[in-house]
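A.B. asks: So the chains spell out like this:
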Amino acid sequence: MELTITAFWVFSALAVLSAVGVVFFRNIIYAVLSLISALVMISGLFFAMGAELIGALQIIIYAVAIVVFYVLVISTVPEFKGKAFESKYILISLPVGFLIFLELAFVSLYGAWKSNTGIFTPEVISEVSNVKAVATVLFTKYLFPFEVASLILLVAMIGSIIIGKKDHVIDEEAKS
Amino acid sequence: MVPYEYYVALSGLLMVLGLIGVAVRRNIIALLLSTELMLNAVNIAFVAFDMKLADVSGQVFVFFILTIAAAEAAVGLGLIMAIYRLRKDVDTETLTELKN
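Here the protein sequences line up with chains H and Y, keeping their order.
Terminal number for the first sequence in this note's numbering: 176, no gaps in between.
Terminal number for the second sequence in this note's numbering: 100, no gaps in between.
Since the hints were derived computationally from the structure, they do not count as laboratory data.
There may be inaccurate statements among the hints.
What the hints assert, rightly or not - Calculated lysine-lysine pairs in the PhoX-like style (CA-CA distance at most 20 Å, straight line):
#1 H:K81 - Y:K88
#2 H:K166 - Y:K88
#3 Y:K88 - H:K83
#4 Y:K88 - H:K165
Please put together the full structure from these sequences, using the hints given.
C.D. replies: Here it is in structure tokens:
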């Protein structure tokens, strides 16, 4: 059996198991831990698909930076009292979700994907590396969206600081 | 090589799991975790179509999705902190000020 086939089945099975854990663990800490597992497995899938840069960024940004956000907020917000699930929504959403999955799988297996193929065939990718190919496209064709992405990060940073600020700080500034 | 349809089907499965998580959970932080799952499903689909079409534009878009996910996590968790400070609760069933 070829190595990528083994990698696909192992990583995808573990990713789906971890995703089920994210959805159905009652304790939120366990859900975050299985989210880390799912992210690392998806990064392994990216490596198996030959997208090394995206796999590395997935680990660095998602599995480290974003999950640290979640852990900090969970440590601030204490335990969650009350039911973890809404039982009537489980009964509705499981069959509906299964139907949506069947639809997506049908479309992906039998849909006719007609599109222009790009120039980065595996021969070209093996000559220039994946990182160089992605960086070339990112900094030439998509340079303006790249700059807009930095602006989005700045706006999100300022917005989260203002939203997360305590209220009495604003009151003190208003009084003085 | 694994055919790309398997990757797209896996992406659909993860997407549906995230959707079920958004519908089912009552903790707001768990809703955001399910949203991250759905974003990752989209990432898998992008890279799978890249593999099929011999292009790298999808990986560039995955890069942008990572950026948007970081911004979404920052703003969403800031909102959760504000809601918790206001109400001492993160249960979606009790957040009914906008109802009626």
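A.B. asks: For each hint, tell me whether it holds in the structure or not.
C.D. replies: Taking the hints in turn, this is what the structure says about them:
1. H:K81 - Y:K88: This hinted pair holds, its Cα atoms lying about 11 Å apart.
2. H:K166 - Y:K88: Satisfied, since the Cα-Cα distance of roughly 14 Å is no more than 20 Å.
3. Y:K88 - H:K83: Given that 20 Å is the threshold and the Cα spacing comes to 16 Å, the pair holds.
4. Y:K88 - H:K165: With Cα atoms ~16 Å apart, K88 (chain Y) and K165 (chain H) stay inside 20 Å; holds.
Violated hints are absent here; each numbered hint is respected by the structure.
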